[in-house]
Amino acid sequence: MIDPYLARRLLYMLLFLGISALILFTRMLPLHNGAQNFPPPDLILCFAFAWTVRRPDYLPVLLVAAILLVGDMLSLAPPGIAPLLAILGLETLRSRRGLLAEQGFALEWVSVGAILTLMMLAERLILGVFFVPQVGFGMSVLNLLVTVVAYPVAVLISSLGFRIEWLKPGALDPEARPA
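The sequence shown begins at 1 in this note's numbering and counts up by one.
Treat the hints as calculated values from the structure; they're not laboratory data.
Every residue, glycine too, gets a C-beta built ideally from N, C-alpha and C.
Hints may be right or wrong, so weigh each one.
Computed beta-carbon distance windows for the label pairs [unchecked claim]:
#1 L127 / M1: 48 to 58 Å
#2 F25 / V146: 45 to 55 Å
#3 L160 / L31: 39 to 49 Å
#4 E165 / L127: 31 to 41 Å
Could you put together the complete structure from these sequences and hints?
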């Protein structure tokens with residue numbers, strides 16, 4: 001018989017994979033006619049950051065990197081830059097989650113916004129060094145702002161819809177079976 005904690009972790013990994021597949025599928029649909037003026041938020045990163053801050057055991061970093069790599073391949077973006085920066089951002093959040101748990105959502109939102117900003121600037125710098133064509137700086141900033149504004153929605157959906165709640169540092173999982 002499978003351990004309930006392990007089953008729940010596997011269920012949340014599959015849920016994140018399904019959410020990501022749905023997001024990637026909708027990105028590929030030809031729903032816009034003509035030039036796209038307003039970039040969509042990066043919901044995969046929003047959900048990944050929200051889940052990593054609340055329950056890092058539910059979401060392996062390599063799963064997020066693999067999903068972002070598939071997203072890069074599907075969107076014909078330079079492969080590997082987004083997954084690398086996402087790993088750095090997720091691990092930065094994972095290392096600071098104790099502080100974020102104590103301080104509240106405002107500090108979490110600011111921290112996620114700062115990490116997303118650094119990720120955007122690093123991506124633009126890397127692409128610029130290798131002379132890879134990229135969208136304008138204004139469009140990148142608009143995409144960043146839309147993603148930062150969408151983060152509370154991802155947190156709300158994760159908390160209320162998927163019941164991914166804070167696990168305070170040092171606390172035991174309430175549903176974990178004692179050994």
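Status of the hints after comparison with the structure:
{"no.": "1", "hint": "L127 / M1: 48 to 58 Å", "verdict": "holds (50 Å)"}
{"no.": "2", "hint": "F25 / V146: 45 to 55 Å", "verdict": "violated (20 Å)"}
{"no.": "3", "hint": "L160 / L31: 39 to 49 Å", "verdict": "violated (27 Å)"}
{"no.": "4", "hint": "E165 / L127: 31 to 41 Å", "verdict": "holds (38 Å)"}
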